[in-house]
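Student: Read off the chains here:
There are 2 protein chains.
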Amino acid sequence: MKRTERTGTIIKILTDSPNKLFSLSYFTKMFNAAKSTISEDIAICKKIVENMSDGEIITVAGAAGGVKYIPKISNDAAKEFQKYLSDKFNDPSRVLTGGFLFTSDIMFDPYVTKQAAKIFATKFMDLNVDYVVTIETKGIALALMVAEALNKSLVVMRREGKISEGSTLSINYISGSSGKIQKMSVSKKSLVPGTKAIIIDDFMRGGGSAGGMAEILSELDIETVGIGVLIATKEPEKKLVNNYYPVLYLDNHNDPDKKIHVYPNQDLF
Amino acid sequence: MKRTERTGTIIKILTDSPNKLFSLSYFTKMFNAAKSTISEDIAICKKIVENMSDGEIITVAGAAGGVKYIPKISNDAAKEFQKYLSDKFNDPSRVLTGGFLFTSDIMFDPYVTKQAAKIFATKFMDLNVDYVVTIETKGIALALMVAEALNKSLVVMRREGKISEGSTLSINYISGSSGKIQKMSVSKKSLVPGTKAIIIDDFMRGGGSAGGMAEILSELDIETVGIGVLIATKEPEKKLVNNYYPVLYLDNHNDPDKKIHVYPNQDLF
Numbered sequence: 001m002k003r004t005e006r007t008g009t010i011i012k013i014l015t016d017s018p019n020k021l022f023s024l025s026y027f028t029k030m031f032n033a034a035k036s037t038i039s040e041d042i043a044i045c046k047k048i049v050e051n052m053s054d055g056e057i058i059t060v061a062g063a064a065g066g067v068k069y070i071p072k073i074s075n076d077a078a079k080e081f082q083k084y085l086s087d088k089f090n091d092p093s094r095v096l097t098g099g100f101l102f103t104s105d106i107m108f109d110p111y112v113t114k115q116a117a118k119i120f121a122t123k124f125m126d127l128n129v130d131y132v133v134t135i136e137t138k139g140i141a142l143a144l145m146v147a148e149a150l151n152k153s154l155v156v157m158r159r160e161g162k163i164s165e166g167s168t169l170s171i172n173y174i175s176g177s178s179g180k181i182q183k184m185s186v187s188k189k190s191l192v193p194g195t196k197a198i199i200i201d202d203f204m205r206g207g208g209s210a211g212g213m214a215e216i217l218s219e220l221d222i223e224t225v226g227i228g229v230l231i232a233t234k235e236p237e238k239k240l241v242n243n244y245y246p247v248l249y250l251d252n253h254n255d256p257d258k259k260i261h262v263y264p265n266q267d268l269f
Numbered sequence: 001m002k003r004t005e006r007t008g009t010i011i012k013i014l015t016d017s018p019n020k021l022f023s024l025s026y027f028t029k030m031f032n033a034a035k036s037t038i039s040e041d042i043a044i045c046k047k048i049v050e051n052m053s054d055g056e057i058i059t060v061a062g063a064a065g066g067v068k069y070i071p072k073i074s075n076d077a078a079k080e081f082q083k084y085l086s087d088k089f090n091d092p093s094r095v096l097t098g099g100f101l102f103t104s105d106i107m108f109d110p111y112v113t114k115q116a117a118k119i120f121a122t123k124f125m126d127l128n129v130d131y132v133v134t135i136e137t138k139g140i141a142l143a144l145m146v147a148e149a150l151n152k153s154l155v156v157m158r159r160e161g162k163i164s165e166g167s168t169l170s171i172n173y174i175s176g177s178s179g180k181i182q183k184m185s186v187s188k189k190s191l192v193p194g195t196k197a198i199i200i201d202d203f204m205r206g207g208g209s210a211g212g213m214a215e216i217l218s219e220l221d222i223e224t225v226g227i228g229v230l231i232a233t234k235e236p237e238k239k240l241v242n243n244y245y246p247v248l249y250l251d252n253h254n255d256p257d258k259k260i261h262v263y264p265n266q267d268l269f
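For the protein sequence lines, the chains are A and B, in the order given.
Numbering of the first sequence is given in my numbering, commencing with residue 1 and proceeding in unit increments.
Numbering of the second sequence is given in my numbering, commencing with residue 1 and proceeding in unit increments.
These aren't lab readings, by the way, just hints derived from the structure by calculation.
Misleading hints may appear alongside valid ones.
Pairs involving identical chains hold if they fit within one copy or between any two copies, as the list cannot separate such chains.
To be verified - Pairs of lysine-lysine residues, derived as BS3-like cross-links and limited to a Cα-Cα distance of at most 30 angstroms, are as follows: (1) K46 <-> K2; (2) K239 <-> K79; (3) K123 <-> K88; (4) K83 <-> K188; (5) K180 <-> K239; (6) K88 <-> K29; (7) K35 <-> K47; (8) K29 <-> K83.
All chains, please: the whole structure from these sequences, using the hints.
Tutor: And the structure:
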């Protein structure tokens, strides 16, 4: 196999499995090539990915070392994406009776969730979490893409305990959006105590859901080290959680003239 | 830029966006290269992907033409994945009180759902559907990955009508699993009549959920042309829908000695 073919193959393998470590010998065996040859191939792959400003390939030294692809979004690409996404949300036909915003199509859009996930992966990469946690339903796509980018497990909390979840830990909490008491529960089988998690969700108003998730996690001795949401409302400015990180802000949601205003979070990185 | 760098870049761009068409001029501009050069590059990319048995790059002729990457799984890779996944499900510690199977961690696993999605993409590719449809909650990850592979919209039906969904179409149906009456609803904004859809879900026992989804879609003049599930139970053999397609079968789920037996669907393609 020629260098061109080897590097194309290596790039596909690494970028198909973000944050998964592949040993050098995995590639020397695959191509029946010397270590020095593969090392040169990888140096070229690094340069290719670097030129694309879409993450990086890094080498981990040592006996258990190897190479892996880390998805990252550049500042410019992130800003461009924020603009694209704001425009999508600011479409007046999205405003429903009562001033609610129709967002389901966007929240389940594979392209949108994958791009947004790159922003959270870039932000939270160095925290070395064990879990990405969300609550059903509309944050699941985004959280899955974040879990894929970080190569971590996704845990989805449920609104009601399900018989197929085994023994669960539940709490009641007050929704910041509706002011109503809501319940959330998580299977104890899903989580190992003494670990770290980030919380990912589609939308935050008062922070009740995220606060509830952090509380359940804390009960299981799991530290919440970051919270990422696609959209956070500007008001109330004081939410039930502090360290949250939105891609976009929403203003004037309940404006009587039905204007909505979604705009980028300027302090992205 | 050298050929090696161009082909590596093209492979990353194409495989990052499955089933998305890129014009030749997109690449000639990007690399400031002649059409003949890019055509040769693409021929090499095709060969690389073909050698990996992991989909193919195809050329679409004509003024609106270009190249795109189609994810496909080979028969051998699919069988290997079925074996891997069966073993995962057959772990005795997954059996819960009442003979239920704990599956949440697998159903939200990015790797599992992406691999299984390749099987459905391979199976349903030629049907040219407009939508991938599922119902909350545990099929969402799988359905999202299928939607990404096919580059189609994902629509998630809800158990309850939500205020943020706008006007919805709802039905009540009898769950094949519990025998209880359940409700499902979908936002009318999410779907355009006169189109085609496939239904993707995590689990099928009686086929009530899939049948309900097909019924709602039919009300909206949307044809269901295929149904894919990760696991279908062997019994009842006669389900409420016919054209379903499981990756795995589940036998003896409620065996009193708590043995479970998950095994591959041998008629995969």
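Student: State for each hint whether it applies.
Tutor: Cross-check of the supplied hints:
1. K46 <-> K2: both (18 angstroms within a copy, 14 angstroms between copies)
2. K239 <-> K79: within (25 angstroms within a copy, 49 angstroms between copies)
3. K123 <-> K88: within (23 angstroms within a copy, 32 angstroms between copies)
4. K83 <-> K188: between (40 angstroms within a copy, 27 angstroms between copies)
5. K180 <-> K239: Within one copy only: 16 angstroms inside a chain, 39 angstroms across chains, cut-off 30 angstroms.
6. K88 <-> K29: The answer is between: 27 angstroms across copies meets 30 angstroms, while 47 angstroms in one copy does not.
7. K35 <-> K47: both (19 angstroms within a copy, 24 angstroms between copies)
8. K29 <-> K83: between (45 angstroms within a copy, 24 angstroms between copies)
Consistency with the previously given hints is maintained throughout, with no hint failing.
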